[in-house]
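*Asks:* Below are the chains, spelled out letter by letter.
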Amino acid sequence: MDKKKNDPKRGNAILLSVSPLKALALHLICGVGLGLAFWVADHIYSLDLITHPSLTLRLISVFVAPVLILLYSHLRHDRSQCSYLKAVGRGLLAVPAGAVVNAVGATILGAPVGFEYFPKTFNWSLLMSLLTFVPAACVFGSSWTDWHRIFARTKANESTDYMICLPAHGAVIGAWFGAWPMPLDWESPWQEWPICVTYGAIAGYLVGLVASLGCIFFCNSQQHLKEE
Amino acid sequence: MDSSSLTCKKLTVIAVLAVLIQVFGLGFFVLGFFPVKPALSGFSGVESFYPPGADSAEFQNTTNLSDSQLKYLYQELSLVPPLFDRLILLVIDGLPAEFVLGKDGEPPPKSFKEAMPYTRSLLTKGRAIGYHAKAAPPTVTMPRLKAMVSGAVGGFLDVAFNFNTQALLDDNIIVQFLKVGWKIVMHGDDTWLKLFPGKFSRHDGVSSFFVKDTVQVDQNVSRHLVDELSCADWSLLILHYLGLDHVGHLGGRNSVLMAPKLREMDEVIKTIDLNSLPTNNNDQGRTLLLVVSDHGMTGNGNHGGSSYEETDSLALFIGPTNFGSTSGTTNKANQVDLASTLALLFGVPIPKNNVGMLMPETFISLTVDQQLRLLELNSWQLLRLLEAQLPGLVCENFLCDNFRDDGSERTRGYSSLEETFCCLYMKAADLHRSWKSGEEKRSASGDNFHNILVAYHDFLRTASEWLSHRATDKPVGQLIFGVAAMLVSCLILLSLLFLLGKQVFSEQNQQFSSANDDLSWWHLDEIFILVVIVIVVISMGSSSLVEEEQYIWYFMTSSRYLLSLRKVMQHIATRTEKNTSATLGPKTNNYIQICSIFVILISGRFLRGWHQGGVNWTNLPDISKWLEQAGSTYIKLFQLVSVFILINISLVSLLWSRRSKKNFMTMVSLMHLFPGMLVLHYITKYQDVAFGTGSYDATLMAQIIYAVLGFCSTTIVVAVPWCIPFQNRTQVQRKAWGLCFRDSAYVIGLSYIYYWSLLQLLLQQPINSMPVLFLFLQVLASIWHSSGSNQHLRQWVEVATLYYMGMAGHFGLGNTNTLATIDVAGAFIGVLNHSTILSGILMFIITYASPMLYLLSMVMYTSVKDTSGFIVSQEGNIGSLLKRTLGFPCLVPLGLNSIFLIAYTIVLLLMRNHLFVWSVFSPKFLYVCATTVCVCLGVSVVASTMFYICLVLAYREKLQTRTD
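Respectively, the protein sequence lines represent chains A and B. Counting in this note's numbering, the first sequence runs from 1 upward without gaps. Counting in this note's numbering, the second sequence runs from 229 upward without gaps.
Please note that the accuracy of each hint is not assured.
To be verified - Chain A stretches covered by chain B per the calculated footprint, using a threshold of three residues with CB under 8 Å from any CB of chain B: (1) 25-39; (2) 158-166.
Claimed, not checked - Ranges between beta-carbon positions, derived for each pair: (3) A:L55 x B:K853: 26 to 34 Å; (4) B:K853 x A:W144: 58 to 66 Å; (5) B:P849 x A:P96: 51 to 59 Å; (6) B:W750 x A:F177: 15 to 23 Å; (7) A:Y45 x B:D455: 38 to 46 Å; (8) B:L883 x A:P96: 54 to 62 Å; (9) B:W750 x A:D42: 37 to 45 Å.
Source of the hints: derived by calculation from the structure; they are not laboratory data. The structure displayed is predicted, hence computed values, not measured ones. Ideal Cβ positions, reconstructed from N, Cα and C, are used throughout, including at glycine.
Produce the complete structure using the sequences and hints provided.
*Replies:* The structure is reproduced here in structure tokens:
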């Protein structure tokens, strides 16, 4: 779960397939959706991450999944061949696939293995999959070059790329940093797997949202300057 | 190309010099930080009632005496009847003397004074004498208890060399009491049980772990109080109350809980006093209640350091009758004085390593003669200790002219330390002798008596101060010198590394002139390597991260390889995108790389899961615990499978080196196979009996394996460079030379790591056999990985990664930063007679299995790096080849280690008053020192091997050209 970003500045010929305002709306919905999921878990089901990590994570995933899939499916690339429903379908398919990749990554980096940890890891990787893989799957489908460009080379060519790439990388990097307090002996309940990692991932994701928004606005203004 | 700026010779000389400076600096620092004082072994006996140097034939043989007979003998010899018969030692953890006695003649704060009415009344009545007993740092419970009972100020290395048994092995007052047949009962802090396992007839230990509990922890002690006080069977009752320390930790000195806690303690004192002390005239004898605290506390309740608040501990003697002393509250003493005082009060010999002097106010009720006799006994004991610590101390050599001068003359006229002690002692002894002979002058008020008293006190105080400072004082100059030397060496190594990197970089740029921007930018993995250094250095400052250091290494190494996975992925697609000149070669190369990365990551995860490690979470389940539960059959099965797989892998890897004569390779394979079979045989047949009675065969077999391993490795190292053929029919001369060089390095490097792993399979605990195999796999995979990525990655990154992997593996084998995990049992495999040096070497081999393995793998690493391009283009000599191939593999580990060493040394200096300096930071420092030794050894083996290969090849080349 550790893929860091190179400097994504080089894309100077950015195509803006999504207008900044639309991106803003989409990001707002994503961010608010995530926050709302927490609020619902806390206030309606009275669950929180520290006491019931698995249940809360699953609840948040269930809440966030439709929001993300429905939103990002609007931005699908190959509109001519792919209907909206198909994009939604491949987004749904990507949930377990991405969960497996995330779970493997987390386990390699040291997530505990065992029967009592399995639900936690499983639910955590569902959420991570939603934050990282699912948007890409909705937009790109099985296009290897696009996936490769986003996740291996961290090269964004257009505004949808930013919208997928930056939040996903933010979530992964945030999760990586979120693991840091775990070995400290502060004896706080939130130091358990996967609580602080989740916090880190969500914080990173939100930062990624803001950053991608910033990039899109910046590119937009650059483009206007060029046109003038 | 300006290669003259940093030739191979220069590089070597400077590097060796830097390492030497480092070793010297480290030595200076260690000796300064952990002063080693010669402790006397054994226990004091009858000889303590004779002057030092007395003929040992005079002494009565005490081995056959019963406890009570010994007690009477002691009484007879000491000439002073014991003042008390029974002792109640009430330890109140963390109670500053100030709370009870006040400070500088002022009474304690009003709330505390009111909280202890009974104790105050005892003090005013004169039935109690209180002391401000100054404790020595570290002000932590265990060392302080040791100081109280043994009278000695211990050093850290004493503890370290006991392999972490916490039991007190030196002479101490508890053992002396046991010798005269005392029964001892202990209730309270379980530190006592760790110090004296099996010495108490009854005990109820409470743990100091639950700091938030201030009530239950004391109730668990007090509930025994009434029963024990009515019991008559004990002579020493130890009560250790932890609650007050916990109150301090929670709320500091002025916590609202402090006054109630003091009131509770006052109640305890009152109960004891009312129940026990008045019985002084019945058959139980006279009872002394001694209230002590092990240390004080700072304003916010912490302790460990050396401030007045922390070292101001209490010693309060409460007897059945008046002591007859004038003042009960303003006396000052040292905590170590308790041991000698107790010994003299109860008529047993003073512990051998005691550095304290008796507390004179407690003996005022004795006659003048008796007081002088006790002073004499104390002086004899200290003189014995001085003689042990100052080997040249022979008092007859000094002419102490200013004998009968006034007391004001004292130490001024003496030139040396020895003379000072001798003259002070002889002055007191002479005065005392003349006092004894002149019967008529005896009177307590007389001037003579006063003079003798002063003379004895002079001697005792001077000796005691010098002895105790010797154990705690750190020579600042020496420490600074050591740190400065290590810093200089670190800077030298780093600048060498920098110069070398710059040079290689410019050469590479010339070679790949196609302005490849891959080379000129800082890459993610390079930054990551530097970040790891920073993180490790920062983590050294936190005691919990020192305890759990393994997490950092695991996390960092796996992150590092996930980063390279990403990098390989990038390259895969570049090839498919370009799709022009990309042949099949690089593509399979990429797949091999991905596979090797997965091997590294997965075996790394297994290594991590094998031992839970660390300090705080050792009880969590891990694979080793699971296997141990499953039974020894499974462990053995795993062991056999590991050896089998190891042998096979090494044979297969040998086949990869294909440019060699067939006969020769068969020989090498046999030399790999044979020791492997021997180890298999040993495991199947002898391992279970290795520590049993029929262990002679096992020992012999182990010795045979050592010999075979040694023989095979030397033979291979010596022979291989001569036997690998030159093939210069088709290729350029220099290229053939390079291939030959690489082949030899490959075979030798593989043999090194294979033999090392075999040795580990023999020595490590059976449970660790699979991890050794995983380590071997990891090494091979990392070398495969680096063989694929040739010019895209700078060499130093790969070498640094190997070093990090070595550290991660170190913890994967179950090592931690405490001394408790050192495998002592394995250190006696194949050692017939107990030999500290041999066992020490084996222990080092076992503990540093993984870092050494990775260092040895550097030989193999140099063989897979593609240097042919360099060799062809370069019209160079051996020197530049060596510099190129060997520079980074040797300098990077040295440089990294020097950074960690200097950083940790500075951390240790800063933390010298930390609460955990002895339990966490100092053991880790020993590990850091041993790692330095390991790195130096490993690098020198690698360097000398490569140098030898180069020499032989150069010689052969010369021969060949001559015959041509």
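*Asks:* Against each hint, give a clear statement of whether it holds in the structure.
*Replies:* A quick look at each hint next to the structure:
no.	hint	in the structure
1	25-39	violated (count 0)
2	158-166	violated (count 0)
3	A:L55 x B:K853: 26 to 34 Å	holds (30 Å)
4	B:K853 x A:W144: 58 to 66 Å	violated (44 Å)
5	B:P849 x A:P96: 51 to 59 Å	violated (28 Å)
6	B:W750 x A:F177: 15 to 23 Å	holds (21 Å)
7	A:Y45 x B:D455: 38 to 46 Å	violated (55 Å)
8	B:L883 x A:P96: 54 to 62 Å	violated (42 Å)
9	B:W750 x A:D42: 37 to 45 Å	holds (44 Å)
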